[in-house]
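J.: Spelled out, the chains give:
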Amino acid sequence: MKSNRLDHVLLVAAIAAAWQLLYLAAGPNVISSPAETLTRAVELLRTQAFWDNAANTGAAFGMASVLSITGGALVGLWLGLRQFAGDVADPILGALYSLPKITLYPIILLIFGLGISAKVAFGAIHGFFPIAIFTMNAARNVSPVYYRTARIMRLSPAATIVTVLAPAALPEIFAGIRIGLALTLLGTLIGELFASTSGLGFALIRATDIHAVPDITAITFLIFVFAACVNALLHAIELRVSHDG
Amino acid sequence: MSARPHLSKVALTRILILLGALVTLELLCRTGIIDRVTMIPPSEMFVALWQIVESGQFKQDILFSTYNVAAASLLAIAAGFVFGAGLHAWPRARRVVSPLLSAYYAVPTFVFYPLLIVAFGTGRTALIVMGTIFGVVAMMVNTMLGLDRVPLAVSKTGAIMRLGPVRRLFLVRLPAAAPHLVTGIKLAVAYGVIGIIAGEFILATAGVGKRVSFAYDNFDNKTMYGMLLLLLIGVMLINGLLTIWEKRLHRRFGQR
Numbered sequence: 001m002k003s004n005r006l007d008h009v010l011l012v013a014a015i016a017a018a019w020q021l022l023y024l025a026a027g028p029n030v031i032s033s034p035a036e037t038l039t040r041a042v043e044l045l046r047t048q049a050f051w052d053n054a055a056n057t058g059a060a061f062g063m064a065s066v067l068s069i070t071g072g073a074l075v076g077l078w079l080g081l082r083q084f085a086g087d088v089a090d091p092i093l094g095a096l097y098s099l100p101k102i103t104l105y106p107i108i109l110l111i112f113g114l115g116i117s118a119k120v121a122f123g124a125i126h127g128f129f130p131i132a133i134f135t136m137n138a139a140r141n142v143s144p145v146y147y148r149t150a151r152i153m154r155l156s157p158a159a160t161i162v163t164v165l166a167p168a169a170l171p172e173i174f175a176g177i178r179i180g181l182a183l184t185l186l187g188t189l190i191g192e193l194f195a196s197t198s199g200l201g202f203a204l205i206r207a208t209d210i211h212a213v214p215d216i217t218a219i220t221f222l223i224f225v226f227a228a229c230v231n232a233l234l235h236a237i238e239l240r241v242s243h244d245g
Numbered sequence: 246m247s248a249r250p251h252l253s254k255v256a257l258t259r260i261l262i263l264l265g266a267l268v269t270l271e272l273l274c275r276t277g278i279i280d281r282v283t284m285i286p287p288s289e290m291f292v293a294l295w296q297i298v299e300s301g302q303f304k305q306d307i308l309f310s311t312y313n314v315a316a317a318s319l320l321a322i323a324a325g326f327v328f329g330a331g332l333h334a335w336p337r338a339r340r341v342v343s344p345l346l347s348a349y350y351a352v353p354t355f356v357f358y359p360l361l362i363v364a365f366g367t368g369r370t371a372l373i374v375m376g377t378i379f380g381v382v383a384m385m386v387n388t389m390l391g392l393d394r395v396p397l398a399v400s401k402t403g404a405i406m407r408l409g410p411v412r413r414l415f416l417v418r419l420p421a422a423a424p425h426l427v428t429g430i431k432l433a434v435a436y437g438v439i440g441i442i443a444g445e446f447i448l449a450t451a452g453v454g455k456r457v458s459f460a461y462d463n464f465d466n467k468t469m470y471g472m473l474l475l476l477l478i479g480v481m482l483i484n485g486l487l488t489i490w491e492k493r494l495h496r497r498f499g500q501r
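Chains as they are written, first to last, in the numbering used here: chain A, 1 to 245; chain B, 246 to 501.
Hints listed in this document are in silico derivations from the structure and should not be mistaken for laboratory results. A couple of the hints might just be wrong.
Just a sample of chain B residues kept apart from chain A, beta carbon distances all over 10 Å, derived [claimed, not checked]: (1) Glu271; (2) Thr311; (3) Val327; (4) Gly331; (5) Leu416; (6) Pro420; (7) Ser458; (8) Leu473; (9) Leu494.
Here's a subset of chain A near chain B, in silico, CB distances under 8 Å, partners left out [what the hints assert, rightly or not]: (10) Leu11; (11) Ala26; (12) Leu99; (13) Ile102; (14) Ala182; (15) Leu186; (16) Ile190; (17) Leu193; (18) Leu204; (19) Ile205; (20) Thr208; (21) Ala227; (22) Asn231.
Just so you have them, the derived chain B footprint on chain A, three or more residues with Cβ under 8 Å [unchecked claim]: (23) 108 to 117; (24) 213 to 226.
Predicted model, so just to flag it, every value in this text is computed and none were measured. All C-beta atoms, glycine included, are put in the ideal place defined by N, C-alpha and C.
Please put together the full structure from these sequences, using the hints given.
T.: Here it is as structure tokens:
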């Protein structure tokens with residue numbers, strides 16, 4: 001545990017040192033120094049405009065997450081429990097997962113218009129496929145003995161899902177959710193970068209337009225911190241789930 | 246092969262579902278339930294694609310994007326392999342950076358693009374650097390995984406045969422690590438495509454992504470859907486070829 005903490009300190013120090021060197025090499029016209037960025041980030045955190053944008057991105061990310069988790073888990077479970085449907089859908093899901101979703105964004109914009117619903121839809125399709133694929137594989141990988149046991153105990157289909165399938169498949173489903181939500185956040189932010197009227201991605205692209213380097217660096221930094229926190233939280237839940245299971 | 250009839254039934258159903266989806270979309274567009282401002286019928290998309298290919302009007306953009314994707318992928322693969330092999334050989338450093346590597350794809354790396362534009366301008370360099378940054382870690386992680394999984398017996402056989410370090414690398418360790426290396430290459434190319442196209446989309450002077458976003462801005466749906474279709478076919482082709490290569494290697498080296 002102790003060396004683990006030392007490792008983390010070393011890692012943060014190494015990143016800060018690399019950043020400072022980059023700053024010294026490239027100059028303030030390209031990137032702000034770590035110290036300046038922290039100062040600017042704290043300043044931004046005190047402004048109402050930043051929190052409005054953050055709330056906007058957060059709302060879009062939240063809705064997209066709910067959509068991709070429920071949709072992905074339901075579709076994945078159904079495909080995982082039906083051998084034939086799963087076999088049919090498997091390569092289609094794989095192809096859609098590996099497709100760069102960015103190509104679909106203009107279509108989504110045309111369907112949903114400029115606004116929060118386009119961002120939500122774009123975030124949700126990023127997260128949906130990995131969650132569906134992981135859930136499907138999780139349901140398929142549950143040992144057949146469990147299903148047979150459930151049948152011997154005459155559990156109803158609902159009871160089988162809740163008491164047998166869910167505990168057995170949950171760790172793998174959670175791994176899918178963690179990957180899916182990371183992609184959902186990426187999708188939401190790319191949506192905001194490309195065409196949007198609010199949100200952190202929009203703030204970032206506006207800062208780029210006026211060449212406000214401290215703002216660009218600080219917003220990028222804050223987005224990273226937020227994403228790392230979401231990831232750490234989901235990772236902790238995942239570890240918990242897999243230990244219990 | 247008792248699984249054969251089931252398999253062909255599966256494939257048939259899959260084709261029918263995809264065809265059905267295409268026909269439904271065509272009908273929805275033709276009857277005006279989906280209006281033309283939103284989407285043109287799939288048949289017209291193919292016509293638009295054919296016109297784009299035949300007239301060669303976007304040849305420069307297609308070459309621009311292809312070159313960028315190739316450059317970014319090659320850089321990511323080379324750098325990822327070198328860094329991955331280096332970290333594999335230096336476990337202490339690997340322990341320190343491993344949280345960074347595992348969280349790398351959880352953070353939206355793409356938000357670096359504005360900084361890259363500031364640094365390199367809106368040209369080819371910023372795009373290639375973006376694509377490289379996006380893909381390099383996938384290659385690194387898979388290189389380390391591959392080198393980890395080289396079976397001890399294989400390494401020992403190499404030692405017994407008194408191969409030198411170079412020959413041991415090329416004749417023993419790299420082939421044994423090949424399945425993971427190919428997975429890394431596949432991911433690096435996929436991330437390279439996403440990085441380049443997304444960058445061109447958001448801010449660039451040329452490229453397929455730029456043409457699509459320009460057509461979107463001008464309500465030029467014919468060009469937009471034609472280019473999107475071209476992009477989709479290109480990506481699926483590259484991805485399909487790499488997947489076949491990957492599967493073949495995995496089968497050959499007895500992994501799943």
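J.: Now, for every hint given, state plainly whether the structure supports it.
T.: Here is what the structure says about each hint:
1. The non-interface label for Glu271(B) is consistent with chain A: the shortest C-beta to C-beta separation is roughly 16 Å, beyond 10 Å.
2. Every C-beta of chain A lies more than 10 Å from that of Thr311(B), the closest at about 14 Å, which supports listing it as non-interface.
3. No Cβ of chain A comes within 10 Å of the Cβ of Val327(B); the nearest lies about 17 Å off, and the non-interface call holds.
4. Non-interface status of Gly331(B) relative to chain A is upheld: no Cβ of that chain comes within 10 Å, the nearest being about 15 Å off.
5. Listed as a non-interface residue, Leu416(B) keeps its Cβ farther than 10 Å from every Cβ of chain A; the least gap is roughly 32 Å.
6. Residue-level check passed: Pro420(B) sits 26 Å from the nearest beta carbon of chain A, beyond 10 Å.
7. A cut-off of 10 Å between C-beta atoms contradicts the statement that Ser458(B) is not in contact with chain A; the least separation is 7 Å.
8. Not every CB of chain A lies more than 10 Å from the CB of Leu473(B), the least distance being 6 Å, so the non-interface label is violated.
9. The beta carbon of Leu494(B) is kept farther than 10 Å from every beta carbon of chain A, the shortest such distance being approximately 18 Å.
10. Interface restraint check for Leu11(A): the shortest CB-CB distance to chain B comes to about 5 Å, inside 8 Å, so the restraint holds.
11. A distance limit of 8 Å between C-beta atoms decides the matter here; for Ala26(A) the minimum to chain B is near 6 Å, and the interface restraint holds.
12. For Leu99(A), the interface hint holds, since its Cβ comes within 8 Å of a Cβ in chain B; the closest pair sits about 6 Å apart.
13. A hinted interface residue such as Ile102(A) counts as satisfied when its beta carbon comes closer than 8 Å to some beta carbon of chain B; here the least separation is about 4 Å, so the hint holds.
14. The closest approach between the C-beta of Ala182(A) and any C-beta of chain B is roughly 4 Å, which is under the 8 Å cut-off, so the hint is satisfied.
15. Of the supplied interface hints, the one on Leu186(A) holds, with its beta-carbon coming within about 4 Å of a beta-carbon of chain B, less than 8 Å.
16. Proximity of Ile190(A) to chain B holds as hinted, the smallest CB-CB distance being about 6 Å (cut-off 8 Å).
17. With 8 Å as the threshold, the beta carbon of Leu193(A) comes within range of chain B, its nearest partner Cβ sitting at about 5 Å, so the hint holds.
18. Among the interface hints, the one on Leu204(A) holds; its C-beta lies about 6 Å from the nearest C-beta in chain B, closer than the 8 Å criterion.
19. Of the supplied interface hints, the one on Ile205(A) holds, with its beta-carbon coming within about 7 Å of a beta-carbon of chain B, less than 8 Å.
20. A least Cβ separation of about 4 Å between Thr208(A) and chain B falls short of the 8 Å threshold, and the interface hint therefore holds.
21. A least Cβ separation of about 4 Å between Ala227(A) and chain B falls short of the 8 Å threshold, and the interface hint therefore holds.
22. With 8 Å as the threshold, the beta carbon of Asn231(A) comes within range of chain B, its nearest partner Cβ sitting at about 4 Å, so the hint holds.
23. By the rule of at least three residues with a Cβ nearer than 8 Å to a Cβ of chain B, the coverage given for the segment 108 to 117 of chain A holds, with 3 such residues.
24. Counting residues of the segment 213 to 226 of chain A whose beta-carbon sits less than 8 Å from any beta-carbon of chain B gives 7, enough to reach three: the coverage restraint holds.
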